[in-house]
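Protein chains: 2
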Amino acid sequence: MQDINKILDAAEASCSASGARLTDKRKQVLSCLLQSQKAQSAYDLIQGVKENYGATMQPTTMYRILDFLESENLIHKLQLANKYIYCSHISCDHSHEVPQFLICNSCDRVVEIDVNSELIKSLTRTVEQVGYTLVSPQLELDCLCADCAAHAA
Amino acid sequence: MQDINKILDAAEASCSASGARLTDKRKQVLSCLLQSQKAQSAYDLIQGVKENYGATMQPTTMYRILDFLESENLIHKLQLANKYIYCSHISCDHSHEVPQFLICNSCDRVVEIDVNSELIKSLTRTVEQVGYTLVSPQLELDCLCADCAAHAA
DNA sequence: GCAGAAATGATACAGTATATCATTGCTCTG
DNA sequence: CAGAGCAATGATATACTGTATCATTTCTGC
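Protein chains in written order, with our numbering: chain D, 1429 to 1581; chain C, 1429 to 1581.
Read the hints as simulated data drawn from the structure, not as lab findings. Treat the hints with care, as some may be off.
[Claimed, not checked] DSSO-like mimics (lysine-lysine), calculated; alpha carbons at most 30 Å apart, straight line:
hint: 1; chain 1: D; residue 1: Lys-1549; chain 2: C; residue 2: Lys-1511
hint: 2; chain 1: C; residue 1: Lys-1511; chain 2: D; residue 2: Lys-1466
hint: 3; chain 1: D; residue 1: Lys-1511; chain 2: C; residue 2: Lys-1505
hint: 4; chain 1: D; residue 1: Lys-1478; chain 2: D; residue 2: Lys-1505
hint: 5; chain 1: C; residue 1: Lys-1549; chain 2: D; residue 2: Lys-1549
hint: 6; chain 1: C; residue 1: Lys-1434; chain 2: D; residue 2: Lys-1505
hint: 7; chain 1: D; residue 1: Lys-1511; chain 2: C; residue 2: Lys-1466
hint: 8; chain 1: C; residue 1: Lys-1434; chain 2: C; residue 2: Lys-1455
hint: 9; chain 1: C; residue 1: Lys-1549; chain 2: D; residue 2: Lys-1466
hint: 10; chain 1: C; residue 1: Lys-1549; chain 2: D; residue 2: Lys-1511
hint: 11; chain 1: D; residue 1: Lys-1505; chain 2: C; residue 2: Lys-1466
hint: 12; chain 1: D; residue 1: Lys-1455; chain 2: D; residue 2: Lys-1434
hint: 13; chain 1: D; residue 1: Lys-1505; chain 2: C; residue 2: Lys-1505
hint: 14; chain 1: C; residue 1: Lys-1505; chain 2: C; residue 2: Lys-1478
hint: 15; chain 1: C; residue 1: Lys-1511; chain 2: D; residue 2: Lys-1511
hint: 16; chain 1: C; residue 1: Lys-1505; chain 2: D; residue 2: Lys-1466
[What the hints assert, rightly or not] With the C-beta cut set under 8 Å, the calculated list includes, among others, these residues of chain D facing chain C:
hint: 17; residue: Gln-1475
hint: 18; residue: Val-1477
hint: 19; residue: Gly-1559
hint: 20; residue: Tyr-1560
hint: 21; residue: Cys-1571
[Unchecked claim] Between beta-carbon pairs, the in silico distance windows are:
hint: 22; chain 1: D; residue 1: Thr-1489; chain 2: C; residue 2: Gln-1463; range: 34 to 44 Å
hint: 23; chain 1: C; residue 1: Ala-1445; chain 2: D; residue 2: Thr-1489; range: 24 to 34 Å
hint: 24; chain 1: D; residue 1: Asn-1510; chain 2: C; residue 2: Asp-1495; range: 42 to 52 Å
hint: 25; chain 1: D; residue 1: Ser-1519; chain 2: C; residue 2: Gly-1447; range: 51 to 61 Å
hint: 26; chain 1: D; residue 1: Gly-1447; chain 2: C; residue 2: Thr-1451; range: 56 to 66 Å
Virtual Cβ for every residue (Gly too), placed ideally from N, Cα, C.
Sequences and hints are given; from them, build the entire structure.
Now the structure itself:
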């Protein structure tokens, strides 16, 4: 994990490049996400920005900010858990691959991995065979992290 | 799509085999799911059994029935949409593979496919490399069906 | 029939997400 | 630098998804 301030700078640069603004509130939400390896819900984050920055945000505002951050490829929404996680490639040079998430269903700790491109090709072929179109090949896998697996055993 | 009554019979047989009971209410819910290729939410189904059978069910009851049907492998829960779909292998002879779902994000029409086992092996290897354990390899892909893709174009 | 277990009912509430309309603040142009 | 127009946020209400808890009914096997 790199220094959070560096990532925030990279995020800001990336936003300017696309003509978007990383406002204070948006930065607060992003910071909360960057400070944890765990996926957090919109309401977790409302609580988080309150504790860390004394800022109060309504759900509407939070969801709008989350949508914005997602559209800028700074965070990911995990459908499996209805939670959000920072994108681990904000300050990378190499281009984005399709993300694959391993989500601990006990503690919400998330690992982001690039999907093997062969695998994506194989999935895409299968989808096309039945006449469907793949909108997002993002994969989310229901897992247990090492710690939680140890406790459960 | 086979005849629904035959599938219901197969479902009933499968339940008896595992010492479970496919009660009237459970059968009503399963029937509603079998009558549509589209994934339906718990509340959609509450509406559905009311219209089709005049039966009123509380959310608690519906979720209990859905849990039961899932535990008997008669239906699947789709995390991507928070909706439910019948299992397309209720009256098949061949053993269940890991399911992969193609979900139209516009109309909720679902296609169920067996995942290539090589692909599952590859996923499992990746997961183990980072110390995680795969709980359920069920894959859900965000797609557009042919009809919705045509309308969008 | 009766005891015990399984299934369902009833009520309340927690958590997730969006609709709608109002207000504030930034940016660009003249 | 004023003011128009748009981007961002605020405020209120409400819809949707899911669970906790305790009560009642129904089924099964003895």
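Exercise. Which hints from the list above does the structure break, by number from lowest to highest?
Worked result: Of the numbered hints, 6, 17, 18, 23 and 24 do not hold.
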